[in-house]
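Participant: Work out the full structure, taking the sequences as your base and the hints as a guide.
There are 2 protein chains.
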Amino acid sequence: MRFLILALVALGSGIVHAGDNIVGFDATASAAQRELEAQLDATVDAGEMDGWLKLMSATPHHVGSLASKENAEFIAELLSSWGYDTEIAEYEILLPVPKVREVELVAPTNYEASLTEDTLAEDPSTAVRETLLPPYNAFSRDGEVEAELVFVNYGIPEDYEILERYGIDVTGKIAIAKYGRSWRGIKPKLAGEKGAIGTIIYSDPADDGYGAGDVYPKGPFKNESGVQRGSVMDMPTYPGDVLTPGRGATKGARRLDREDAPTITEIPVLPMSYRDALPLLSALGGEVVPNEWRGGLPITYHLGPGPARVRMKAEFDWKMVTAYNVIARLEGSEFSQEWVIRGNHHDGWNHGAADPLSGLVAMLAEAKGVAELAKAGHRPLRTVIYAAWDAEEPGLIGSTEWAEHHADDLRKHAVAYLNTDGSSRGFLSMGGSHVLERYLNQIAEELDDPLSDITLKERSRANLLINGDAKRQAEAKDRKDLRIYPMGSGSDYTPFLQHLGIASANLGFGGEAADGSYHTLYDTYEHYMRFRDPGLVYGATLAKVTARATLRLANAPRLPFEFKGFADNVALYVSELEELAENMRSTTEKTNQLITDGIYAAALDPNKTFGPPVAKQPVPHFNFAPLKNALARLVQAASEFDTVAMSASASSEEINKLLYTSERLLTRDAGLDGREWYKHHIYAPGFYTGYGVKTIPGVREAIEQRDYDKVEPQIAIAADVLNAMADRVELLSARLNGEST
Amino acid sequence: MRFLILALVALGSGIVHAGDNIVGFDATASAAQRELEAQLDATVDAGEMDGWLKLMSATPHHVGSLASKENAEFIAELLSSWGYDTEIAEYEILLPVPKVREVELVAPTNYEASLTEDTLAEDPSTAVRETLLPPYNAFSRDGEVEAELVFVNYGIPEDYEILERYGIDVTGKIAIAKYGRSWRGIKPKLAGEKGAIGTIIYSDPADDGYGAGDVYPKGPFKNESGVQRGSVMDMPTYPGDVLTPGRGATKGARRLDREDAPTITEIPVLPMSYRDALPLLSALGGEVVPNEWRGGLPITYHLGPGPARVRMKAEFDWKMVTAYNVIARLEGSEFSQEWVIRGNHHDGWNHGAADPLSGLVAMLAEAKGVAELAKAGHRPLRTVIYAAWDAEEPGLIGSTEWAEHHADDLRKHAVAYLNTDGSSRGFLSMGGSHVLERYLNQIAEELDDPLSDITLKERSRANLLINGDAKRQAEAKDRKDLRIYPMGSGSDYTPFLQHLGIASANLGFGGEAADGSYHTLYDTYEHYMRFRDPGLVYGATLAKVTARATLRLANAPRLPFEFKGFADNVALYVSELEELAENMRSTTEKTNQLITDGIYAAALDPNKTFGPPVAKQPVPHFNFAPLKNALARLVQAASEFDTVAMSASASSEEINKLLYTSERLLTRDAGLDGREWYKHHIYAPGFYTGYGVKTIPGVREAIEQRDYDKVEPQIAIAADVLNAMADRVELLSARLNGEST
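Same order as they appear, the protein sequences are chains G and A. Under the numbering used here, the first residue of the first sequence carries the number 4, and numbering increases by one thereafter. Under the numbering used here, the first residue of the second sequence carries the number 4, and numbering increases by one thereafter.
Some clues are possibly wrong.
Repeated chains share a single entry, so a pair holds when one copy, or any two copies, can fit it.
What the hints assert, rightly or not - In silico DSS-like links for lysine-lysine, alpha-carbon gap of 25 Å or less: (1) K593 x K483; (2) K480 x K619; (3) K197 x K316; (4) K682 x K415; (5) K221 x K611; (6) K593 x K480; (7) K660 x K682; (8) K611 x K197; (9) K316 x K619.
Hints in this document: simulated from the structure, not taken from any laboratory.
Facilitator: Okay, structure coming up:
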C-alpha cells in the first residue's frame with residue numbers, strides 16, 4: 004500500500020455495522036453466526052492453499068488426462084478426510100483432441116505457422132508438457148480448406164457491417180479474427196453464417212501482448228508464442244456434452260450422432276499466436292483497415308481478401324472420455340432436503356494455476372473450515388454440497404451433465420448455487436441472481452480488503468466512483484448496495500441458473516492483474532504467484548467471502564432472498580430496453596435519411612471502396628405496457644415484502660421453499676426462442692456475444708436482431724414471468740403476515 | 004467516383020443560386036463579376052501548374068538556399084511577365100543551420116541514432132540532396148546534455164499531470180515526446196518549464212507511420228526513417244525573426260542580441276524517426292505507460308526515467324540569411340488605396356512539393372488569370388498584391404517581417420489578407436475572420452467539387468453530417484452557412500490577422516489524403532502526384548476558389564463584410580467560456596471531494612506507483628455579464644446592419660473603410676497578457692497549444708490556466724473590444740441609411 008488512506012468516508016446510508024442483523028437472521032442468530040464465521044476465518048491458511056495449488060498445477064490436467072483424474076481423486080480424498088460424504092460422479096463425454104493442426108500461408112509467400120508455445124527458462128513449469136493439449140479450439144469440426152484470407156477484426160456482427168460497406172464478401176474465404184469483444188465461439192459461428200470456410204483466431208498484441216503491458220516472463224501478458232486455447236462449441240445454443248443436450252451423459256444415455264450435434268462448428272477453426280499471425284496479416288492486400296480495427300503488430304493492417312492465401316487443416320480424435328466430478332455432501336442438521344451447492348471446476352486447459360485452481364483452493368479452504376465447524380458441533384442446518392467440476396473448459400460439461408442428470412432433484416431441493424472460478428487480486432466481483440444482491444452486499448460490508456483497511460464493498464465502490472462510466476459513477480454515490488452484475492455465461496453457474504432456475508452467484512477478485520496467461524501454456528504456478536495473487540492474500544479472503552456466502556445460506560432461519568434489489572435491477576433492464584428501441588429507431592431513421600439524401604455518398608472518399616451503409620427496416624414503436632405493468636406490480640410487491648420482512652422474523656419450511664423456488668418462476672419450460680435449453684427469461688448469454696449477458700433476453704435480442712415481429716410476443720412472455728414473480732412475492736408477504744390462502 | 008449520387012438534397016434554406024446577388028454586389032455588378040470569374044476559370048490550367056510544381060520542387064529550397072532564391076526569382080519573373088509590378092523584398096534574418104546533431108543511447112546499451120532519412124529507388128527526388136537541411140528543429144538552442152530519459156507522451160500540460168501522479172519529476176532529465184496533439188514548439192517549451200534539460204521529438208508509427216497506413220513509397224505515411232523537421236521557436240510569444248520582434252528585419256534594423264531573444268528554446272531539442280526512437284524507448288524501465296499513451300512500436304512502452312541514459316548534442320551555425328519575399332502589385336483601377344493581399348509562402352523545408360508549392364501554384368494560376376482579365380480591360384477596382392513569402396517554415400518570418408515593416412501602411416490600406424499554403428484533396432477547408440463567413444460560403448456554393456457534381460459547400464456539409472461531432476452534426480442540418488474555423492497560427496496569416504487586425508482567411512483542400520510527408524525528405528513531386536492530388540484537380544479548383552475570393556474583394560462596390568455570422572460565432576465562443584468555467588468548477592469540486600474522501604487512494608492499485616491527483620484551487624464564479632451585454636449589443640447591431648444592408652445598396656469609400664477597418668477594433672495595442680505582439684482579442688494561437696486557436700484568448704487562457712484573478716479583467720477587455728465593434732456596426736447602419744453623425 005503506497006497511499007495512506009486518511010479519510011475514507013463511508014458512503015450510502017445503510018452500512019451494516021457489526022451489530023446489525025444478518026439478512027435472514029435475528030439478533031441472537033446473527034451473533035452466533037458471526038461467531039462461527041470468525042472461527043472459520045481462523046482456519047483459512049494461505050500456506051496450505053499454496054501447497055494444494057502447487058501440487059495440482061504441477062502438470063497439465065485437462066479432462067481425459069491422467070492428471071485430471073488424479074486431481075479429482077486428491078480433491079475427493081481431502082473432502083472425504085474432512086468428513087464429507089464424497090463421491091466421484093462420472094460422465095462419458097465427447098472430447099475432440101487434436102491430431103492435425105496446420106496453418107500455412109501458401110501465397111504470395113510461404114509461411115508455416117508453428118502453432119507452438121515456447122518453453123521459458125524462467126518458468127520450469129513450461130517445460131512440463133506431459134499430456135499438454137496443444138493450442139486448439141475444442142469443437143471445431145474437422146476440415147482442410149484453402150482460400151484467400153480476409154481480416155474480420157473481432158469477427159462480431161458490427162464488423163461484418165463494415166466489411167459490407169467495403170464491398171467485401173467473406174464467402175468462400177478464410178476469416179482471421181482477433182480474440183476479444185465477444186466470446187471466441189461467436190467468431191467461427193458468425194464467419195460460418197457469412198459464408199467463410201475457415202476461421203483463424205489470434206491474440207493481437209495491442210489487446211493481449213506487448214501493447215497491453217510487459218510480456219511473460221518479464222510481465223504477465225502474452226508473449227509472442229502464447230496462444231489462447233478454448234472451446235468454440237455453440238454454448239449459446241446449449242452447453243455441456245454435445246451429444247446429450249438436456250440429459251446427463253451417463254453411460255447408457257441416449258446420444259446424438261456426432262454429425263447431428265448442432266453445437267459443433269460449421270467450419271474448421273484454429274487459434275494462433277501473434278508471432279504466427281504476423282506473416283499472414285503482412286501478406287494481406289486490399290484497403291487499409293478502419294482506424295478502430297488496427298492492432299499492435301508493426302505493420303499496416305489490410306482487409307484483404309488476398310493476395311494472402313491460406314491452407315488450414317484441423318483434424319481431431321473425437322474421443323469419448325470420462326469427466327470426474329467430485330461431489331461432497333454434508334447433510335444438513337435440520338433441513339437436509341434444502342441443498343446449498345457450491346462449486347468450482349478442477350480441469351484446466353493446461354497447468355491451470357489461475358484457471359481454475361486459484362478459485363478451487365479457496366473453495367477447499369472454505370470446505371475445510373465448514374467441516375471443522377461441523378466437527379466442533381456446528382453442522383450447517385441445510386445440506387451443503389461441494390462440487391469440483393471436471394470438463395468445464397471444453398464447454399461447462401461436468402457441471403451441465405450433473406445438473407441435467409439430477410435436474411428433478413435439483414429443482415426441488417436446490418436453495419442456491421455459488422460458483423467460483425479463476426480469481427486474482429483487486430476488487431471483489433459479485434455477479435448473480437438479483438434476489439441475492441442484499442445478502443452478497445452485506446458480506447462485502449463485513450470483510451476488509453486484505454491490503455487496505457477498508458471493506459471490500461467500499462473499495463469496490465471507490466473503484467466505481469473513479470473508474471465507472473458516468474451513469475455508474477453517479478449511482479455509486481447514493482445507491483446503498485452495489486449492483487451485482489447479471490450473469491451471462493462462461494462458468495459452471497450456467498446450468499444451475501439458466502437451465503434449472505436456481506438462484507446463483509459467481510464470486511472472485513480481479514481488476515488489478517492482467518489475465519495474459521489465460522488458456523496458455525503460461526498459466527502456471529510461477530506466473531500466478533508472481534503476477535496474480537502473490538501470497539494468495541486475496542485467495543484467502545475469497546475463502547472467507549464464500550464461506551460466509553455458503554454458511555449464511557445454510558444456516559439462515561429465513562433464507563436471505565429479497566426482492567427490492569431484484570425489482571430495481573429489472574426496472575433498469577426494462578428502461579434499457581425502451582432506450583435501446585428508441586435509440587435504434589432514431590439512429591435508423593437518421594441513417595436511412597442520410598442514405599436517401601445522398602449525404603453518405605457525398606461525404607465518402609471517391610478514391611476508396613468504402614461505401615454508404617445499407618438502409619435498414621425502420622424500427623416500429625413497441626407496446627412495452629405489459630412489461631411495465633408487471634414491473635410496477637413487482638416493485639410494489641417487493642416493497643411490501645421488504646416492510647413485512649423487516650418486522651416479521653417468522654419463517655417456516657414452506658416460506659423458505661417459496662423463497663428459494665422463486666427463481667424457478669423466471670424460467671419457462673419452452674426456453675428462449677430458438678434455444679430451448681436456456682429457460683431463464685431474465686438472464687442469458689447473448690446469442691451473438693457468447694459470455695456477455697443479455698438481460699430480459701427474449702425481448703432484447705428480438706430488438707437487437709431487428710426481429711420486430713417477435714418483440715411484442717416476447718414482451719408478453721417477460722411480463723408473464725414477472726407477474727408470476729410478483730404473485731410469489733405477494734404470497735410470501737401474506738405468509739409472513741401469518742395469512743394462509 | 005465510385006458511388007452514384009442519386010439524390011443529394013440541398014440543405015439549409017438560403018442556398019444562393021446563380022441568379023442571386025454576390026454579397027456586396029447589386030444584380031448588374033453580380034452578373035458582370037460572374038462573367039469575369041467564368042473567364043478566369045477558363046485560364047486555369049492544371050498542366051501548367053504541374054510544370055511549375057515540378058520545376059520548383061526539383062531540389063530542396065529552404066530560406067537561405069540558392070534554390071529558394073532561384074524559386075523567388077522564377078516566381079517574380081512569372082508575375083512580372085503577366086504585368087504585375089513586381090519586386091523582391093529582402094530581409095536579413097537569423098537562421099540556425101545544424102552543425103552537430105547527435106543522439107546516443109549510452110546506457111544500459113549503446114545506440115547511436117542515425118538522424119538520417121533513406122533514399123528510395125522509387126522516388127528519384129529523394130536522391131537529390133544538394134542544400135537539403137537534415138532533420139532538425141529550428142531555433143533549438145545549442146547544447147550538449149546527458150541524462151536519464153523519460154517518456155512524456157505528447158508533452159502537453161495534461162501529460163505532466165499524469166506524470167506527477169506517477170511521482171515522476173522530469174527535472175534534470177531528457178524528455179522524449181511524440182509528435183502530435185500540440186504544435187511541436189510546445190513540447191520543448193513545456194519540458195523546459197518542467198525542468199527537463201533536453202527534448203527529443205519523434206513521430207510514432209501509430210500516429211504517422213505503419214500504424215496509420217501504408218508507408219512511403221507504398222503509401223503516403225512516414226516510413227521508418229522519415230523525420231518531421233520544423234521550427235520550435237516560441238511562436239505563441241511572437242513569430243518572425245527572433246532578433247527583431249515588432250519591426251521589419253531590414254538591413255539596418257535594431258536587433259536583439261541572440262542571447263536575449265526570448266523565442267529561442269531554453270533547452271536543446273532534436274527530432275527523430277521511429278526507427279531511431281525504438282532502441283531508446285525499448286531501453287526505458289519504470290512503470291508501463293497508461294493505456295492512452297501507448298504508441299505503435301512493437302514494444303511495451305515504459306515511462307522511465309532511466310535506466311535508459313541519453314546523450315544529445317545540438318549545435319547550430321547561427322547564420323544571418325536573406326529572405327526573399329516576392330511582392331507583385333496590380334494597381335486598382337478605382338480604389339488603389341484599398342489593398343487586397345493574397346499570399347502563399349515559397350520556401351520549403353526540403354523539396355516542399357506539398358508544403359508549400361501545392362498552394363503556391365494555385366496562387367500563381369489565380370494571379371495569371373487575374374492578370375489576363377486586367378489585360379482584357381477588367382483590371383480590379385482595388386489594388387491586388389500577390390506575395391510569395393520566404394522563410395515561413397522557420398517561423399512565419401518572411402511574412403511577419405514584411406507585415407511589421409509595412410505595418411502603418413497595412414493598417415491603413417489593407418482590406419483583407421487571403422492565405423493559402425500546402426493543399427491536397429478532399430473537402431474545402433475555410434478558416435478566417437468571421438466577418439468573411441458569408442462571403443466565403445457563397446463562393447463554396449458556386450463551385451462544384453471536381454470529382455462529383457455537388458457544390459463544395461454541400462460536400463463539406465455532408466462531411467460534417469456524417470463525420471462531425473454531435474453538436475456540429477446537429478447544427479449542419481439547419482445552419483445556412485457552414486462555420487468557418489477561427490484561426491490560431493501555422494501559416495502566414497498570423498501577422499496580418501493577429502498582429503495588425505486585418506481580416507484574413509485561409510483556404511485549402513484536405514481530409515482525404517494523408518499528410519505523412521509533412522516536413523520530411525519525402526515531400527516530393529512524386530509523393531504529391533501519387534497520393535495527394537493526382538492531376539492537380541483540387542489544385543485547379545483551389546485556384547478558382549481563391550480567384551473568386553480575391554476578385555470579389557477587389558471588385559465589390561461594397562466590401563462583402565457582414566456581422567451576423569461574426570456575432571453568431573462570438574456568441575458560441577462566449578457560451579463555450581461559460582461552459583468551460585462551469586465544467587472546470589464542477590470537475591474540480593468533484594475531484595477535490597474524491598481526494599479528500601480518500602476515494603482515489605481506495606481505488607488505486609497498491610502495487611503501482613500511480614497516486615491520486617493533487618487537489619486544485621476551487622474555481623470561483625465569474626461575472627460574465629459585461630461580455631454578454633456587449634455580445635447582446637453586437638447581435639442586435641449586426642441584425643440591424645443585415646436588414647439595412649439588404650435594402651440599401653449604397654456604398655462609398657468611407658463605408659468601405661469603416662467595413663474593412665472594423666477588424667482593427669478587435670485588437671488592442673497592449674496585446675494579450677504577457678505577449679503584446681498578439682493584438683487580436685478574438686483569435687490567437689494558444690500559449691500552450693501553439694497552432695491551435697484560442698478564441699477570446701484573454702478570457703479563455705486565464706480560465707484554463709486557473710489564473711482566476713485575471714479572468715474578470717480579461718472579460719472587461721473582451722467586452723470593450725466587442726462594444727467597439729458594436730459601435731462600428733451601428734455607425735455602418737447609420738451611414739447606409741444615409742445618416743451622418
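Participant: All the hints need checking, so say for each whether the structure fits it.
Facilitator: Structure-based check of each hint:
1. K593 x K483: Between. Shortest inter-copy distance 20 Å satisfies the 25 Å Cα cut-off; intra-copy 39 Å does not.
2. K480 x K619: Answer is between: at 21 Å across copies they meet the 25 Å cutoff, but 40 Å inside does not.
3. K197 x K316: For K197 and K316, only the intra-copy Cα distance (20 Å) is at most 25 Å; the inter-copy one is 58 Å.
4. K682 x K415: within (16 Å within a copy, 83 Å between copies)
5. K221 x K611: between (42 Å within a copy, 16 Å between copies)
6. K593 x K480: Intra 36 Å, inter 11 Å, cutoff 25 Å: inter-copy only.
7. K660 x K682: Within one copy, since 20 Å is at most 25 Å while 81 Å is not.
8. K611 x K197: Within one copy only: 23 Å inside, 45 Å across.
9. K316 x K619: Neither: 38 Å inside a chain and 61 Å across chains, both beyond 25 Å.
Hint check: a violation occurs at hint 9 only; the rest are consistent with the structure.
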